[in-house]
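Please work from the sequences and hints to get the whole structure.
Chain by chain, the residues run as shown.
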Amino acid sequence: MARLSRNEEIILLSIWKLDDNAYGVTIRKSFMEMTRQILHYGSLYNTLELLTRKGFVTCRESRPESRKGGRRKKLYYLTPTGRKALKEAQSVYRSVWGTVSDLEFKRK
Amino acid sequence: MKEISKAEEMVLLAIWRLANEAYGVSIRRQIRKDAGKDYTYGTLYGLLRQMDHKGYIKKIKGEPLPKKGGRSKTYFKITPSGIRALKDAVALHKRIWKDINEFSLD
Amino acid sequence: MENREKIPSRAALWILGKLTVYSDRYFIKEDLEEEYITLCQSEGRSKARHWFWRQTLLAVGYYVNYRFGWRSFMLKNYLKTTFRHMKRNKVYSFINIAGLAVGLSCFVLILLFVRFELSFDNFHENGNQIYRFYKKREVAGLSYMGNSYFMTTPAILAPTLKETFPEVVNTTRLNKAENMLLTYKGKQLYEDGICADKEFLKMFTFPLVRGSKADALTESYSIVLTESLAQKIFGSGDPLGKSLRISAQENDYKITGIIKDVPANSHLRFSFMISFISQKARNRNFDDWYKNSYFTYVQLQEGTDYREFEKKIAVFLDRYAPKRFAHYTGQLQPLGRAHLYSFFNFDPAVTGDIKNIYLYSAIAFIILLIACVNYMNLSTARSSQRAKEVGMRKVVGASRREIIRQFLGESTLTAFLALILGLFLVKTALPLFHSFLGQTIPFDLSESPFLIFTLLIVILFVGLFSGSYPALFLSAFRPVQILKGKTGRAKKGAGLRNGLVTFQFSISIILIVCTIVVYSQLQFIRHKDPGYNREHVVVVPLREVRMGKKLEVIKNILNKNPNVLGVSASSHLPIHIGNRNTITVLNSEGEEVKISMYYALVDFDFIDIFDIKLKAGRNFSRDFGTDPENAIIINETAAERLGWDDPLGKSFSIRNDWDQKIIGVVKDFHFQSYHLDIEPMALLMKGFWASYLYVKIRATDIPGTIAHIQKVYDEHKIHHAFDYYFLDDAFNRVYQAEQKFGTTFRIFSFLAVFISALGLFGLASFSSEQKTKEIGIRKVLGASVFNITFLLSRQFTRWVLIANLISWPIAYYVMNRWLQSFAYRTSLQVWIFALAAGLALLVALATIGYQSIKAATANPVDSLRYE
Chain A
1 MARLSRNEEI ILLSIWKLDD NAYGVTIRKS FMEMTRQILH YGSLYNTLEL LTRKGFVTCR
61 ESRPESRKGG RRKKLYYLTP TGRKALKEAQ SVYRSVWGTV SDLEFKRK
Chain B
1001 MKEISKAEEM VLLAIWRLAN EAYGVSIRRQ IRKDAGKDYT YGTLYGLLRQ MDHKGYIKKI
1061 KGEPLPKKGG RSKTYFKITP SGIRALKDAV ALHKRIWKDI NEFSLD
Chain C
2001 MENREKIPSR AALWILGKLT VYSDRYFIKE DLEEEYITLC QSEGRSKARH WFWRQTLLAV
2061 GYYVNYRFGW RSFMLKNYLK TTFRHMKRNK VYSFINIAGL AVGLSCFVLI LLFVRFELSF
2121 DNFHENGNQI YRFYKKREVA GLSYMGNSYF MTTPAILAPT LKETFPEVVN TTRLNKAENM
2181 LLTYKGKQLY EDGICADKEF LKMFTFPLVR GSKADALTES YSIVLTESLA QKIFGSGDPL
2241 GKSLRISAQE NDYKITGIIK DVPANSHLRF SFMISFISQK ARNRNFDDWY KNSYFTYVQL
2301 QEGTDYREFE KKIAVFLDRY APKRFAHYTG QLQPLGRAHL YSFFNFDPAV TGDIKNIYLY
2361 SAIAFIILLI ACVNYMNLST ARSSQRAKEV GMRKVVGASR REIIRQFLGE STLTAFLALI
2421 LGLFLVKTAL PLFHSFLGQT IPFDLSESPF LIFTLLIVIL FVGLFSGSYP ALFLSAFRPV
2481 QILKGKTGRA KKGAGLRNGL VTFQFSISII LIVCTIVVYS QLQFIRHKDP GYNREHVVVV
2541 PLREVRMGKK LEVIKNILNK NPNVLGVSAS SHLPIHIGNR NTITVLNSEG EEVKISMYYA
2601 LVDFDFIDIF DIKLKAGRNF SRDFGTDPEN AIIINETAAE RLGWDDPLGK SFSIRNDWDQ
2661 KIIGVVKDFH FQSYHLDIEP MALLMKGFWA SYLYVKIRAT DIPGTIAHIQ KVYDEHKIHH
2721 AFDYYFLDDA FNRVYQAEQK FGTTFRIFSF LAVFISALGL FGLASFSSEQ KTKEIGIRKV
2781 LGASVFNITF LLSRQFTRWV LIANLISWPI AYYVMNRWLQ SFAYRTSLQV WIFALAAGLA
2841 LLVALATIGY QSIKAATANP VDSLRYE
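Protein chains in written order, with our numbering: chain A, 1 to 108; chain B, 1001 to 1106; chain C, 2001 to 2867.
Don't take every hint at face value.
Said to hold, decoys possible - Computed cross-link-like contacts, BS3-like style, restricted to lysine-lysine with a CA-CA straight-line distance of at most 27 Å:
#1 B:Lys1098 with A:Lys54
#2 A:Lys17 with B:Lys1087
#3 A:Lys29 with B:Lys1033
#4 C:Lys2080 with C:Lys2291
#5 C:Lys2771 with C:Lys2087
#6 A:Lys84 with B:Lys1033
#7 B:Lys1098 with A:Lys84
#8 C:Lys2029 with A:Lys54
#9 A:Lys17 with C:Lys2029
#10 C:Lys2594 with C:Lys2528
#11 C:Lys2080 with B:Lys1054
#12 C:Lys2047 with A:Lys29
#13 B:Lys1094 with A:Lys29
#14 A:Lys74 with C:Lys2018
#15 A:Lys87 with B:Lys1033
#16 C:Lys2076 with B:Lys1054
#17 A:Lys87 with B:Lys1037
#18 A:Lys74 with C:Lys2613
#19 C:Lys2615 with C:Lys2560
#20 A:Lys29 with C:Lys2018
#21 C:Lys2686 with C:Lys2615
#22 B:Lys1087 with B:Lys1098
#23 C:Lys2136 with C:Lys2388
#24 A:Lys29 with B:Lys1098
#25 B:Lys1087 with A:Lys54
#26 B:Lys1094 with A:Lys84
#27 B:Lys1094 with A:Lys17
#28 A:Lys87 with B:Lys1094
#29 B:Lys1094 with A:Lys54
#30 C:Lys2018 with A:Lys54
#31 A:Lys84 with B:Lys1037
#32 C:Lys2029 with A:Lys29
#33 C:Lys2162 with C:Lys2187
#34 A:Lys87 with B:Lys1098
#35 A:Lys74 with A:Lys54
#36 A:Lys87 with B:Lys1054
#37 A:Lys17 with B:Lys1098
Just so you know, the hints here were simulated from the structure itself, not pulled from any lab data.
Following this line, the structure appears as structure tokens:
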């Protein structure tokens, strides 16, 4: 399976973490909290598009909220394939970094 | 500082692990071993060039091959800046995957 | 207020809407708006707006990436080179972009104005069925102030038409109620309004916010106010049912409705409406055909051909209307033409002039043309300098197509930047524009997609065109050629460039000539001896109809003031006597002569106070007791037309039953606009009523004297508040239209010259750079700075001079036509053209001179080093 890029990984994870509340604003916020970097909407949507095409992500339109001024949202969810991709990313990471703890980052 | 991509991370880690023995072939081998990823030389050298430009690694010219008219091997060494980048990458990863033990598939 | 908070920027939202995938699939607008709201609360609105715009623009960038993927990288590269190029040639880039931006903004502003003028009365639902009734006078030679068309009709016309013809759906009568004093509980306001039938509200679309359309103007003494007027008088209170007092009338008016404010593009401007039949209650006769003081509007059935209908009316009126009305032919004017095609006497409409619209539109396009041409010219000239860059690019492997794409992209991008700058300029200049025109013009980008579309097309065209030379021409060179410097001079463009310089300067010179002519005609009017003295004359308008003895008393008191040189009163201002009658007399040969004679009612002191010169006979005098009844004084032209060798002592009747004896003849004086020849005019005292009080004062202590006049006025309990102005000012106001015209031309000529100078500046710099080597050699051979400057200037000066040859005949023809509309005018003298030419030349020389001197003083060593 193709590797996930960093952005893709973080976004997928955010979607998973956000549970039933993953849409543009929230995903972006989560991403920015995790990475402490700015993610612009365009970049987010481009990545989401890519992820959707790869079949990792699916979406559904939310019911307009009952309170006044409710907006429409596209809510994103992980597909089983997406989950698998994440799981694999996690295991690769484990295997790669498994033997190293960051305390060992000294000049050899 | 902008975070490094996954690919760069792999390469940097390999170079770090290889210490003084990091050059094209060995790096490729190491990555294969660690991550199971098969990089072509073209991609690899491209990444190496980029990271050199960014200051994460530096090129060291080695001894020329004993063969007649042999070219010299170029070794790569990680720089402090590169180490910092690796540290950041790990920290980021930790942050993201915090509290998630085994990623469940349901 | 709340809504405004929530909408960050309509323009940005529109842009986002264009990024279809983001907008439709990902709901970017909603996402951004949500964050915007949070940001508003945490960081304030302006920061939030900033952020919003930034995100929008970035989104555009990412979208391009999305759509064009790998190609967007090249785009980024082109962007970088464009900006780098601009930075390196800051001055040139600035001039180029600024010139185009200025041209664009003028174009947009003028177009806005034209659009506004053309949009008059388009908000009426039944608009295309409504017509105004006007009369055309058939008898030749008896026009009123040069005009044979009249808007005024009798009150009985409207109901008659409605009863007689089934094609007439509705009619309404109208008359103006200008400068009425409205009083409510101590609040006094002067407002302009109209009197209208109850059908008015049904025919026209003036929505009522309070009251009902059907009833509002049905009863006598009803009044309808506009929202702002209601606000002014009653604040937030409910005005319905309350009563207002109007002027000096006995009955109060009951407020029966409130309408929305009259929009700026309505040919009728008013802040209140009185029911028409209120006038009936004040003893006005509505049944006769002779009192033509009203305006008639008709609404015809959908699909009726109004010209055919006119014929029907003609037949009907012929048979039915009394003889005196039969002099006229009744005709209809569609509502849509009311504002711009008004050629009537007594038009109640706010009038513009269709000719102005054509003129301004033409100027708009010309300016745009000059600006675009300039831009293309400059870019093309400059780009031959980039030959080296092209060479390098080719060497490192750029294909011809890539180079073409680069140059085209660059030029289009800079053109686009000019558009943004131009629109920004429009936004800033808008308040200035409003004050100049005296009205606000709505400018909302998102409501005029057509305008944006046109502008984009223009910019695209300009950008591509100006990029085409370097794109096609330069990219064709082989790199070796370029690097060796063998590209050859850009001789090809030379002819075109010179032609363009000539064209631009021709336009500029024409505009300068026009400005000078208008200015000198205005000066001429101001300084021409009008035949009477209007200096230092304070005019106090008397709005109260019955002054009676009060007037004499006031005059006596004022005369006692040592600073007062004379007091008088009359029915009409000497600068505008519009009252007229046709009289029939028998001339010396016994033939019947019909002449139109204007007349004013004056007092004993009128002729003295204005220093009007008597040619024969005597002035009105208190020594002759019969003067107020019988005496009449005519002007020279009248005496001529009457055809009597010696008019003194002869009698004629200026009105039905009056019989006046001529006691004197005055020298002609201008009692009307200089547009018109002096017509026969008479002054008499019978039936005297005073509309204006004149006080001629000394130049010393003017404020003091005026204060005294005011005191005397107030003491005599005249109902209307004291108001005054100087006769000179009133005179100047008559020519306000011409003055505006002059100012407009002044602005346009400045702009044209500015843009032409910019273009010339760029060309001159290019030309001198091309010639660096030549100049270097010449200097080495001993040429002085002066020689070189002369050499460089000569090339362009020639074209500027040629421009004169083209522009003079055109300017002459145009200005001649304009001057013809004045019966009294200056002539087109040579100095005007010489001055215009001189100015243009001066500007050209200054522009070229700077470049030339810079080039001439350069060290020849540097310029020759390149070999």
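Open item on the list: Would the hint linking Lys2029 (chain C) and Lys54 (chain A) be met if the CA-CA limit is 27 Å?
Closed with: holds (25 Å)
Open item on the list: Check the hint pairing Lys84 (chain A) with Lys1037 (chain B) against an upper bound of 27 Å on the C-alpha distance.
Closed with: holds (18 Å)
Open item on the list: Hint check: Lys2076 (chain C) vs Lys1054 (chain B), CA-CA at most 27 Å. Holds or violated?
Closed with: holds (20 Å)
Open item on the list: With the threshold set at 27 Å, check whether the alpha-carbon distance from Lys2162 (chain C) to Lys2187 (chain C) stays at or below it.
Closed with: violated (41 Å)
- [ ] With a cut-off of 27 Å on the C-alpha distance, tell me whether Lys2594 (chain C) and Lys2528 (chain C) pass.
- [x] violated (31 Å)
Task: Pair hint outcome, Lys74 (chain A) versus Lys2613 (chain C) [Cα-Cα no greater than 27 Å] - done: violated (90 Å)
Task: 27 Å limit on alpha-carbon distance, applied to hinted pair Lys1087 (chain B) and Lys54 (chain A) - done: violated (30 Å)
Task: Given pair status - Lys29 (chain A), Lys2029 (chain C), alpha carbons within 27 Å - done: holds (16 Å)
TODO: Below or equal to 27 Å on CA atoms is what counts here, so check Lys29 (chain A) against Lys1033 (chain B).
DONE: At roughly 36 Å apart (the allowed maximum being 27 Å), Lys1033 (chain B) and Lys29 (chain A) break the hint.
Task: Satisfaction of hint between Lys2018 (chain C) and Lys29 (chain A), Cα-Cα up to 27 Å - done: holds (25 Å)
Task: Hinted pair Lys84 (chain A) and Lys1033 (chain B), Cα distance within 27 Å - done: Satisfied, since the Cα-Cα distance of roughly 22 Å is no more than 27 Å.
TODO: Take the C-alpha atoms of Lys2615 (chain C) and Lys2560 (chain C), compute the straight-line distance between them, and say whether it is at most 27 Å.
DONE: violated (30 Å)
Hint compliance for this structure: hints 3, 4, 10, 18, 19, 23, 25, 33 and 36 are not met, and every other hint is.
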